[in-house]
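Student: Mind docking these for me? Both chains are given alone in their own frames, and the hints should help you get the complex.
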Amino acid sequence: MAEWMTLADAIASYVSDGDTLAMEGFTHLIPFAAGHEVIRQRRRELSLVRMTPDLIYDQLIGAGCASKLTFSWGGNPGVGSLHRFRDAVENDWPHPLAIEERSHSDLANAYVAGAANLPFAVLRGYAGSDFPRVNPQIRSITCPFTGEVLAATPAVRPDVAIIHAQKADLKGNVLLWGILGVQKEAVLSAKRAIVTVEERVPSLDAPPNACILPHWVVTAVCEVPRGATPSYAHGYYERDNAFYRAWDRVSRDRERFGAWLQYVLRAKDFEEYLDLQRDPQVQAVYQ
Amino acid sequence: MSASFTSEEIMTVAAARMLSDGTVCFVGIGLPSTAANLARLTHAPEAILIYESGPIGAKPPVLPLSIGDGNLAETADTVVSTPEIFRYWLQGGRIDVGFLGAAQLDRIANINTTVVGSYDKPKARLPGAGGAPEISSSVKEVLIIVKQSKRTFVEKLDFITSVGFLTGGDAREAAGLSGNGPTAVITDLCVMRPDPLTRELKVSNIHPGVNRETIKASTGWTVGFAETCEDTPPPTAHELETLRDLKTRTALAHGIQGDAE
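Line by line, the protein sequences are chains A and B. Each residue of the first sequence is one higher than the one before, starting from 1 at the first, in the working numbering. Each residue of the second sequence is one higher than the one before, starting from 1 at the first, in the working numbering.
Certain hints may be false.
[To be verified] Going by beta-carbon spacing under 8 Å, a handful of chain A positions derived as facing chain B: (1) PHE26; (2) VAL89; (3) LEU123; (4) ARG124; (5) VAL149; (6) ASN241.
[Said to hold, decoys possible] Rough simulated footprint, nothing fancy, chain A against chain B, three-plus residues with beta-carbon under 8 Å: (7) 52-61; (8) 175-187.
Worth flagging that the hints you see were computed from the coordinates, not collected in a lab. Bear in mind the structure is a predicted one, so any value in this text is a computation, not a measurement. Built from N, CA and C at the ideal position, the CB exists for glycine as well.
Excised from the complex, chain B in its bound form (with noise of 0.2 Å):
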């Protein structure tokens, strides 16, 4: 890895460029939010970011820590009840992209964030779903993006919260999802995308200084690689600087925050 960024400042690089100008985007917090934020910030200031708490069209100067904060309701323009935003917005078809993360994933790029082990006597318990189903089956195309492990890439799931592909090929279809599922899962070593016909997740890029054998040895499956795979371009100067200025003014803000409570 360069020296001269990190693994997850690549990772959050990576998903911000795959949202383009004008795009309406469901929000997850966590990495997603970053990466929208990212955009909105460089190439795509026209990017409508909604959250599930209500604000659409949220512009918040710095990183919100939960879901609902209050610069998402300040800087949005409107907010609206949480029924509204997952029965007229998000059912109702209007969101182009969904950004999800996963405690757990498969190779057809299936979404686990309830258990690890038995429902009943769980390992561990997860939060949960949240949004994630109606979002994975009601977007036109879902984004994922989790660090990847061979924890995390697992051959198959303890629970199934939210549809990728289900069983593979037309499976997805076959279920009446609409949406076009996960077209790219952006992780800190490389970029995934479902092969067109089995929908099973190959390699298409490479972040730099990740080689084939590290991913290889971070995925629970026998991972393929496209043949069009190609290197991820590193970022640039003008992203890195967006994004370490908003991850500073972030931790400034909760810090600040924090100890004035």
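Extracted from the complex, chain A is given alone in its bound form (with noise of 0.2 Å):
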């Protein structure tokens, strides 16, 4: 049953050390605001799971949150690398980061196993490629109805999936809209699922068939506006795109990195982050 609580609150609740923690969002809708929160309530050794690990999870590699990484594409969207996470898969910076690698077809297969409560997926998937001698948990089925062979990979059951959507009604409906990526199979595969919003309304007033996560299916929901910058939520504030950028310059180095690390930790929630943002010794950060 969703209960109504800040962002603090839910991360102090309802993310331990040790998790298992998906924070999906497909470029659109990444949960920024909670990733900078896990940061700040220094969590550590987290097994983290998202398809694009984006600069969300850079941020929380650098910061010495995790200590293993399932993902299918680990890149900076249109601009290059995510340099934090090279630094820890390449050199072990700041503590070696063990990554279990597979395809967007497999993971979002995955999530949907996890939701149906499957113990694994099933896929036309990896023929002749090189990802099963890395990762052995892609094994092989065959069909008992064709002897076709096919991919079979463990399903995702993250202990929490956290996620953004665009609105939440008063019990703690969440409705998303735009692109979807797998934010609900992320919810709906999970033990407990946080939600940020963009706003708290006294109704939905969503046509049918609209992406509703019901409140029974959420454990806590919080009003975090603009939780999804420097991603995008459709309808409310476009892509930061210039951060992206920027981002190349901050995550290349380990100093600079440190020195944008104090601001998110030293700012008490996301909204005074941003605010600190237009500081001009931040500004400084991303030149």
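Tutor: In structure tokens form, the structure reads like this:
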């Protein structure tokens, strides 16, 4: 049953050290505010799952929150590398990061399997590639009807899923629209789900078949305006492409990243972090 | 190279020409997206552009910077979830053409986008698979678009992320992969196509102003030329104008957006 609470309380109550944590949002509605709160509360040894780690996990990895990453495409979209992720994999900085690497199709199917309470996903994939050589979890299964050999991979079953959405009503029913990614599947595959939203409204006024997560599959719901920035929230604000480009400079260098991280830690919440961005001293970190 | 267009422009134009009107195309971000949208804005107005983030029939007014930009969703015929894109549309066999990029490519069109060096201790950790392995094994035809150099066109891949023709010959079919695999590799120097029997990539078209020596010097294996090898027709005025307009609109849109935030 969804409970309205602050994001700080939600992370404190429902995300523990060592948890398997999936924060989803495919370019759109990436829950950055929640990522910052996890950093601020200094969670450690997290096993992170996300199709596209994006800047949100680059930040968590650089801040030392993660010991494992399950992913399928780890780049800065339209810009280049995720340098904190690369530094962890290539140089064990700030400490070693185990990786479980899969394809988009596989992880999307694995979330569906998790949501459907099945132990594994089945897909026509990976044939001839080197993935099964480096990821022993990628196995095969023979169709009992046709004899076709298909890829079988373990379902994603996170302890916690966190997503961002546009709206929730007073009871905590959640509405999202636009590019949906695997947000719904992430919530339904997880033991606990935290949803941050742009606004709390008296009524969703959604048409039939809209993507709604009923309040009783959500654990905590938190009002965090601009909580997906620098990604975007359809109908609310655009993607901050300049930040994605600037992140290449910030993340490339450990010291500069460290300076940026201090501003996350110093802010009491995401709103204060966003206010801080206008400070010329903070601006200098991005130049 | 002629002064009237750049090597990136001829590469984009050559790739766009390969999309026929009405084709259902699975589009990756970057050069593939530029080429697919150029085709849509020139000779293929009915091409259906599908992005892995969920938009089907996207008609973006400017090029998206990321795979899930809002203008893809706003201009699409429909937007579906990511699992649906991969399950019903890609694996379902509804895609004619898939565009892929590559960090490394071998002579039989296998692709690496995972690591340079060993997997456990990589020299360079690359982004990884994304949708590519299942695109390469599910679409009817794969087009690879990539800038040519010895670093990219290598004798042996460090990792096979997405399959072209595996070891060549009929190895692809024997491995149970559907689709015809890569039918062309479009670079900034030339177009290569697989030999029908050995499946080794051979140069089939040379872009204007490029000579064979340059292509050989930019390929990590001893590259062959098809007997029927001919020159790529230069971009038409219409193609160039449309491409440059699109790029200008895109830079303006993203620039303004960036400054405003």
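Student: Of the hints given before, which are not true for this structure?
Tutor: none
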